[in-house]
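There are 4 protein chains.
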Amino acid sequence: MKKIGLVVKKRPEAERAALEASEWLRKRGIEVIIEQDILAISDLTSPFPNPPSDLSCVISFGGDGTFLGAAHWIEDSRIPILGINMGSLGFLTDVAGERIFSVLADVLSGDFCIEKRMLLSASVIRDGSEVIAQTVLNEVVINKGMLARIAHIRTSIDDLYLTTFKADGLIIATPTGSTAYSLSAGGPIMYPTLQTIIITPICPFTLTNRPLILPDHVVINANVGDKDYGSFLTLDGQVGSEITSEDIVVIQKAPHAIHLIKTRGYNYFEVLKNKLGWSGR
Amino acid sequence: MKKIGLVVKKRPEAERAALEASEWLRKRGIEVIIEQDILAISDLTSPFPNPPSDLSCVISFGGDGTFLGAAHWIEDSRIPILGINMGSLGFLTDVAGERIFSVLADVLSGDFCIEKRMLLSASVIRDGSEVIAQTVLNEVVINKGMLARIAHIRTSIDDLYLTTFKADGLIIATPTGSTAYSLSAGGPIMYPTLQTIIITPICPFTLTNRPLILPDHVVINANVGDKDYGSFLTLDGQVGSEITSEDIVVIQKAPHAIHLIKTRGYNYFEVLKNKLGWSGR
Amino acid sequence: MKKIGLVVKKRPEAERAALEASEWLRKRGIEVIIEQDILAISDLTSPFPNPPSDLSCVISFGGDGTFLGAAHWIEDSRIPILGINMGSLGFLTDVAGERIFSVLADVLSGDFCIEKRMLLSASVIRDGSEVIAQTVLNEVVINKGMLARIAHIRTSIDDLYLTTFKADGLIIATPTGSTAYSLSAGGPIMYPTLQTIIITPICPFTLTNRPLILPDHVVINANVGDKDYGSFLTLDGQVGSEITSEDIVVIQKAPHAIHLIKTRGYNYFEVLKNKLGWSGR
Amino acid sequence: MKKIGLVVKKRPEAERAALEASEWLRKRGIEVIIEQDILAISDLTSPFPNPPSDLSCVISFGGDGTFLGAAHWIEDSRIPILGINMGSLGFLTDVAGERIFSVLADVLSGDFCIEKRMLLSASVIRDGSEVIAQTVLNEVVINKGMLARIAHIRTSIDDLYLTTFKADGLIIATPTGSTAYSLSAGGPIMYPTLQTIIITPICPFTLTNRPLILPDHVVINANVGDKDYGSFLTLDGQVGSEITSEDIVVIQKAPHAIHLIKTRGYNYFEVLKNKLGWSGR
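From first to last, the protein sequence lines are chains A, B, C and D. Sequential numbering of the first sequence, starting at 36, is according to this note's numbering. Sequential numbering of the second sequence, starting at 36, is according to this note's numbering. Sequential numbering of the third sequence, starting at 36, is according to this note's numbering. Sequential numbering of the fourth sequence, starting at 36, is according to this note's numbering.
Here chain A stands alone, though its shape is the one from the complex:
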């Protein structure tokens, strides 16, 4: 560990914690660079800045949103990433702020595991060219346009026609994303290191359109046939591009995984129970 990047949410407590961490790290001879919350300063059309290629790891200070921004920053670089939560525990930011220095010590001494999580790559094909191409950690969402009553989303799996979902939209999520938006739309909880893709329709007109879990090797093509109202593509919660009735959205497993740093005491089931309040009703 020679050089560490910090991605910081624009909130006083996150900035303060990042500053303290950076002092602590510099005292121990680590070079530190600080980025403001990447997701907040970027959008889908302007590409993320590239991180220095010699970063040993990245630490995000904030919530799951800040973590997602940091994940997009490092993209396919395989730089390990750690999430410190500044507030309530998150599925991605499972290290509590008060444990920061003991966790940093563990990281510096190599006392951690790497947990690889699969990513999805989403691209939009318009007139034969790829006009959007991005990697997501949680989910791709295709949503009806604001003025449409319902979207008709024609969906194929490996060029085999599946169905045309009549729904508010469609969530295509990773196992990591199963506890985010997909859960609110009725999807199951998936152990985060699984190699599967979930399709969760949002408020489907056909009540038997239940969430569908597919192997990680499939290629999903989706097309919204609505000429009048358009539709929207949202990648990891960052609302994005309007897409047209001619566009094909192509979703498949990304070739690379993201490398999460998991320090001692990490237990996915504890995070799950805590976030979902499994002790109560």
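Bear in mind the hints are in silico, worked out from the structure with no lab data behind them. Accuracy of the hints is not assured; some may be wrong.
[To be verified] Here's a subset of chain C near chain D, in silico, CB distances under 8 angstroms, partners left out: (1) Met181; (2) Ser219; (3) Pro239.
On a predicted model such as this, the values are computed, not experimentally measured, just so you know. For every residue, glycine included, the Cβ atom is placed at its ideal position computed from N, Cα and C.
Got chain A sorted already, so can you dock chains B, C and D onto it with the hints?
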């Protein structure tokens, strides 16, 4: 029955059926006036035209959407209304096109019942003035703006704070509307003549935010606190107005009901089973 | 208030609280009689004992189960009833144990409201005779026999055939019962003073068999056609009688309501939010 | 293909079809042996008979129940198996009865694929000994006893405590079983060749106890702590053994898979859409 209004969907088969019906009626001495699909030619800012005050009844030719337009046309006039479906059976248009002449004969001879269904009135209060006021038969929907990740909808019942729903949106539906959008969002089926109001959150972040059924005498106030992205109000599926973080949406039972014409052989449970495919899985 | 009956759960803290309450009441000239948890000492075949006809009110010490026992004890006597919870807050026992003396003072001085809740009457007709007849506050459950794969429950509403539910069972609940078993099976939350009946199928084979809410004037007939495995009738959580394929279960609104004592500070929405954890996910 | 076993449902149309198939096969020099529906004649305590070790394949005539019986008959022998449905299409019996001779011709000429599906092995440990050990294709179900109000099922994953489900029961299913009972209890649809295990609680008291999908390498331990009412273990829909509060149910992936014969024209998504009626609501 002296004068009948026909509301007709802009589709050849609906127009043909309406023309045949109008000839049939005129031969029997009934005055007939024809309106194109009201919903299609109107929007929330330009008020619906008033129907002639001496209409004996209104018949809609089309689907449930055309019926909703006809219902908005007659508003609080208590003119009875009948729905002929041109295509597949609807919850509101439960008379099949092929039965039209026998049903018209029943209507002319007074051989029918009136089924009263409750309506909701929705108004938007901005800076102390009512800027939108409309009646709905199915539902009021408050939706997050296209760029927002989630809406925070502060909701009170009779001035008692209920909760702040973190969700894609909120559906406030009548029993008639329970089998429309609310059903897709996880709401129950309500017998259509009940006097109750249902609140169904759309993809709520808090998984225990289950649909909530309230007495018909409550006044529901809802406010979306999002200053940055705004939100949208949709009335009976007609997407409408953007609303701001200062607006209060007030929803309560309308003072008048809508009077549906139900002819012999009508059986709500048969419509339900047919629409939901209760014979299969 | 001259004579008060206490129904007490067989647990040290409930018995202690009941003893203290009884001393406190006797000092104020109130006659007190104490019953052990009625539900625990009774079953469907031996009828509940009758309460003295001159009771001014009944107070239950325990959880919702003890309260249900007390409710069955007073049956159709219209004696008001109050629930003190000894442990965690319940939907029926919404008065916390530590507030007991201030609440008792309110009750003695008449400073309370009566909230009437509808009850269901359930009876089983076998060979033309009524072999079971009981009133429930929460729900009637018809369950498949232990050895059956699925139950086929033929259901009619007012002698109109509804459908034959293929399911683990069927819950027919009051609005009060909507937050008990029915909620776990996918039913909505119903404001407790509504006058409606909910039918919630348990794990239905047909996925569109969603919960169905009916007016309070209907008579529901249910028959389980399984000759081989029988089925079970459970009334307010008290597992009961085996029923045969010839039996007809008849469920309708009971002629009388139960009179709940609600003291100052009671707010149904607060109980709801507390029980369902609406502050968190 | 020299010797084929037929497993036949005890229904005239299944028996007739099996007889015709057996004549057709014998004419082509194939030895045929016929078994009555295995599931119907067996139970958990008396072990299934062993199939002859030289069977080339097994064909079931009936519904999914008969197919499950045939699957249990061949156990871990890797004999390929084909399901002919006699009635409506099933998830396991996806070959329609009228296509039987063209399908048999394809099978004899080797024109088919083998689709491997994972199995679960379930065992019950009592006082340190394994008292039940069986393999399932669909699911293991742990159910509350008939007199219990709710089961408390203590569940561990790889010796890590997960939670104690308070529910009617727990379904532990394979991807193949995801469209059987688990779907009725709220589980997702899983592509059948996935290597995952799903835990679906039945009517959980804690509403956030959503279905949970786990990797195929986990070992699940479940224990029902109810001393008074016992609980039941059901394996692939065959209701079975009462289990006690001391018993540990151990569930894990079976070491061998089942080999399904899939002939030309097979398309899982078509079966899915047909069974779930995805063309309608």
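Okay, the hints, checked on the actual structure:
1. Met181: Hint holds; Met181(C) Cβ to chain D Cβ min 5 angstroms, cut 8 angstroms.
2. Ser219: holds (4 angstroms)
3. Pro239: With Cβ-Cβ at 6 angstroms, under 8 angstroms, it holds.
Going through the hint list in order, the structure satisfies each hint without exception.
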